[in-house]
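*Asks:* Using the hints provided, position chains S, Y and L relative to the given structure of chain W.
One line per chain: the protein sequences are W, S, Y and L, in this order. Quick note on the working numbering: the first sequence kicks off at 1 and runs consecutively. Quick note on the working numbering: the second sequence kicks off at 312 and runs consecutively. Quick note on the working numbering: the third sequence kicks off at 623 and runs consecutively. Quick note on the working numbering: the fourth sequence kicks off at 934 and runs consecutively.
Warning: the hint list may mix true and false statements.
Pairs of lysine to aspartate or glutamate, DMTMM-like flavour, derived with a Cα cap of 20 Å [claimed, not checked]:
no., chain 1, residue 1, chain 2, residue 2
1, L, Lys1102, L, Asp1085
2, S, Lys592, Y, Glu933
3, L, Lys1101, L, Asp1062
4, W, Lys158, Y, Glu802
If you're looking for bench data, these hints aren't it; they were derived computationally from the structure. What you are looking at is a predicted structure, and each value in this text was computed from that prediction instead of being measured.
Protein chains: 4
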Amino acid sequence: MPLSTDQQAEIDQARGEALTTRRAVAPALEEILYKAIPLLDHGFVRVIDYMGDDAAVVQAARVSYGRGTKKVSEDKGLINYLMRHRHTTPFEMCEIKYHVKLPIFVARQWIRHRTANVNEYSARYSILDNEFYMPKPEQLASQSANNRQGRDAVLTGKEAERVFDILKKDSELVYEHYMEMLNEGEAGTPLDPERSGLARELARMNLSLSFYTQWYWKTNLHNLMHFLSLRADAHAQYEIRVYADVMIDTMKRWTPICHDAFLEYRMGGAHLSKTGLAAIKRMIGGEKVDQKSSGLNPREWRELMNSLGIE
Amino acid sequence: MPLSTDQQAEIDQARGEALTTRRAVAPALEEILYKAIPLLDHGFVRVIDYMGDDAAVVQAARVSYGRGTKKVSEDKGLINYLMRHRHTTPFEMCEIKYHVKLPIFVARQWIRHRTANVNEYSARYSILDNEFYMPKPEQLASQSANNRQGRDAVLTGKEAERVFDILKKDSELVYEHYMEMLNEGEAGTPLDPERSGLARELARMNLSLSFYTQWYWKTNLHNLMHFLSLRADAHAQYEIRVYADVMIDTMKRWTPICHDAFLEYRMGGAHLSKTGLAAIKRMIGGEKVDQKSSGLNPREWRELMNSLGIE
Amino acid sequence: MPLSTDQQAEIDQARGEALTTRRAVAPALEEILYKAIPLLDHGFVRVIDYMGDDAAVVQAARVSYGRGTKKVSEDKGLINYLMRHRHTTPFEMCEIKYHVKLPIFVARQWIRHRTANVNEYSARYSILDNEFYMPKPEQLASQSANNRQGRDAVLTGKEAERVFDILKKDSELVYEHYMEMLNEGEAGTPLDPERSGLARELARMNLSLSFYTQWYWKTNLHNLMHFLSLRADAHAQYEIRVYADVMIDTMKRWTPICHDAFLEYRMGGAHLSKTGLAAIKRMIGGEKVDQKSSGLNPREWRELMNSLGIE
Amino acid sequence: MPLSTDQQAEIDQARGEALTTRRAVAPALEEILYKAIPLLDHGFVRVIDYMGDDAAVVQAARVSYGRGTKKVSEDKGLINYLMRHRHTTPFEMCEIKYHVKLPIFVARQWIRHRTANVNEYSARYSILDNEFYMPKPEQLASQSANNRQGRDAVLTGKEAERVFDILKKDSELVYEHYMEMLNEGEAGTPLDPERSGLARELARMNLSLSFYTQWYWKTNLHNLMHFLSLRADAHAQYEIRVYADVMIDTMKRWTPICHDAFLEYRMGGAHLSKTGLAAIKRMIGGEKVDQKSSGLNPREWRELMNSLGIE
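Here chain W stands alone, though its shape is the one from the complex:
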């Protein structure tokens, strides 16, 4: 349950207001504006503002005086060209702002993308809610033996139970102690009127990385695509990937032509090395090439076959 009744009421009120503007409007994105799209057990993503649309990319590329767009097919052709040839600046002319609720360990990965604007809920100033992330059973993966960053088979039975038990009990415990140190009781009354509470900026350090935080996160379309290409990738941690996946959907509502170009040229494409290209050329020429003769090391060969969808 990511939202309280009050929060939902605030969102409904914001959604109720409609004003007139001369700016570009993305109707499909307006439909879901301010709405919280639930994620994981307590998280959400909300689009709370945006600037520009597909046409804004075209206008910027042409430095035009008016709408700058011609036929849809021409706009699409230009956007595809820009995407293919890494002319990134026109995509920077669109901007989007999200309100995101996410576990702290996810926030720590996310924040590494520096070219964005962020306002995070301050645990120095305010008290965090009692909400922490508990993985679903199908996400309770064991450590990969091959890949030190990866997950392997899912834990089951007693092992799974024990992990759930630890995660849940420890989170509850540290939160209870957090409130005790703060001397915070129900509805803002002190637990014990006789004593002072520990400073918030200190007490927070007892909370674990599974607790939820939230922030406003604003970026331009170019940087958004860079973020998505890394975080919707199969190598990204599941818990951040679900955010990226939902954000790709919001991008589709916002700039559908850019979205399609992004899937075609970035997400669905692959970067091949000089040696990889040479191996392909020989294969197309009818030569029988294997890892050894390709000049690639075993891992690179596997990655190349993977890119081509060849087993």
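*Replies:* Below, chains S, Y and L without anything else, positioned relative to chain W:
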């Protein structure tokens, strides 16, 4: 005359369209949206898109679910506080996009502000118009004797005439030769059908820095204020200052509370040194302090007196 | 004890090597290069590389071919001028790289400074050490009643004991459970050879924000000063301030002239508002001004008096 | 002749000094440190400082205490892995600083790379030298008929002469008038002691974009590679490509392992689209695929064949 009939028609058409949005709207800015505000002899500034308003700053500071604003007085108090204490991130949540036409030598100063998105009209790809900057007589200043970056008294009489004459004739000449090298005649026909034109990317280098270029320039409110504080400053070159001044007006229409805070705490304020503060303390205590006894060097002393408006 | 024997040996070895270079060298910084300066209970700061010195700032300002420096007094005058007039780009020409060990809640504040390069120890890839921050008794402050971000009087007696007890026991507990979920025993052997361990990227979320992480952090002198001016400020949280204080010392060894200018014009200076300057002018003129007649609100008046060191 | 005797003497003096450092040293780069590598007719590139080497990339990836490197083969394997998988942050840990002399129209392209530090010679403050770029005959290309950004066959005979003549005479003329407006004669004496000179910040606008400027330009290895991959590309304008080519050589001296990985995975590689990959898979499977049946448009097909080196 900064705009052609076609350009004006495109702008009028864009202004004519009104759509409904759930986003925040800044009515006073909508009034002038897309309009070209003329500057210098051929330049302009046009606001062509924006995101957020004063309330968006408040929302971001509170990471709120709804509008996040309370009473206007509270919002104003919060914005003043943020401005005073350099809490800059909430101001990054508003974004604005300009279309600017400006002489190349001004563009070269402007571009040094890196935290912005830019799409410039490409002289590699297109042909620049025959428009160059000619200073007004009252701007034809002589080189300052004291300040190597500054201007002194205005040139007059024969000296002024000679400068005007040079600037005008040389600009006309290099443009004529630019078109000749391009082999470009009226309305896109070649001057001489028998010969090829020089590549645009080469021919452009014959143009002088007084020629106008144009770009889309997008930045957030925090970076805009940083730009304005440097470029609307008395030490900035006149030709960029006139742009900054007009942009401060657009900021007033967009985020009036931030605008007032900006004037009060940044443009109208001053940063004093440790020694400067100590000198002031003594003066307030009734002590007679002059440059020598202040511990400041003559230039610093002058700057301090200047900040305080004391002669 | 921030360093293991192995780590200390690695540092000693690095310090033992001396090579010849044509680059600028900062002798006082070389003295402490690679050394770990201990901080808090388990943290440290180590300077591990640098580029440039005071002269590099001068060279950049002059775009010179050689050393670019003249007399020390002239260099100092130029650096002071640059600092005073916010000519920030020459300071960007010096670069420094730190290795820092710090509690996660401090890292979360620190990372908000975006214009730096960071490589953090990955808890997705590796296992974190059993080291968590325990405040010293004199840092165990209560929540400020006036300032929601601040600290008040120090907790004592039973209250203090209880807080220590909670912080210590909870940290020990979550770490024990972290290792249990990972199925990690002594020296890399599994606790229980029969079961798989939970993926590292998941297990880490049971750790609390008091645990130490570490990173390489590299930035230029301009951005370093910006960081220091905010984080060595009295309003910064104590636990990050101690890092900033130590880094100011390293800056003194690196670029002593810039360091002095930084203290004089930034750390020791103050930014006054338009209304504040006007009030000061009246006071210097002999007028009796109090908060009401100053036009400042009570908080601003307090801040102004504070800046001037007047009670 | 890019350097005066005085400048060369300053460089020689800087090169003559050798100091001892504990920092990483790149011997092959030290060999050419400060030396001006000539480019075009009056330009140059000089490496004037650097931080880190190949090992610094490895250290950062491992967040190590000491040198962090193991066997050369392991370091190479790790660097290749990082390059292939877009783990860009370790490359940001190396920094390099250049002094570059370049025509203004090249500087205008270059400056669009924002993530760098720049100090440019100020024509507001100083007087520019009488040096302008004249293309060599083999660079005097005509405008491409197919590609609006490109060059076609080289101009010859009378056409070439006419272009040379224009470029040379116009440059000489605008410089002569620049000095006349400044009232600057030989060796800093006024041309006419009776009159004032025009302010430098105004007079400069009479100069054309072919004139040389110079700057200090500093960036990290990641951003350098991004710059080089775009500017050493066949689509980049010749006049900036020669700079990128020389800088790739300096990179080889600085970080030879990164250099090789850069050529293998970036410069020599290619990014293929989803449809492109599917077409290749079919071709490898023995299917006869042409542009029509590939699903690619003619231009994309041509680009794909080009990437594979197939005619």
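*Asks:* Could you run down the list of hints and mark each one as holding or not?
*Replies:* Going down the list of hints, with the structure as the test:
1. L:Lys1102 to L:Asp1085: It is violated: about 25 Å lies between the C-alpha atoms, which goes past 20 Å.
2. S:Lys592 to Y:Glu933: Status holds; Cα separation ~11 Å.
3. L:Lys1101 to L:Asp1062: Judged against 20 Å, a Cα distance of about 15 Å means the pair holds.
4. W:Lys158 to Y:Glu802: holds (13 Å)
In this structure, the one hint that does not hold is number 1.
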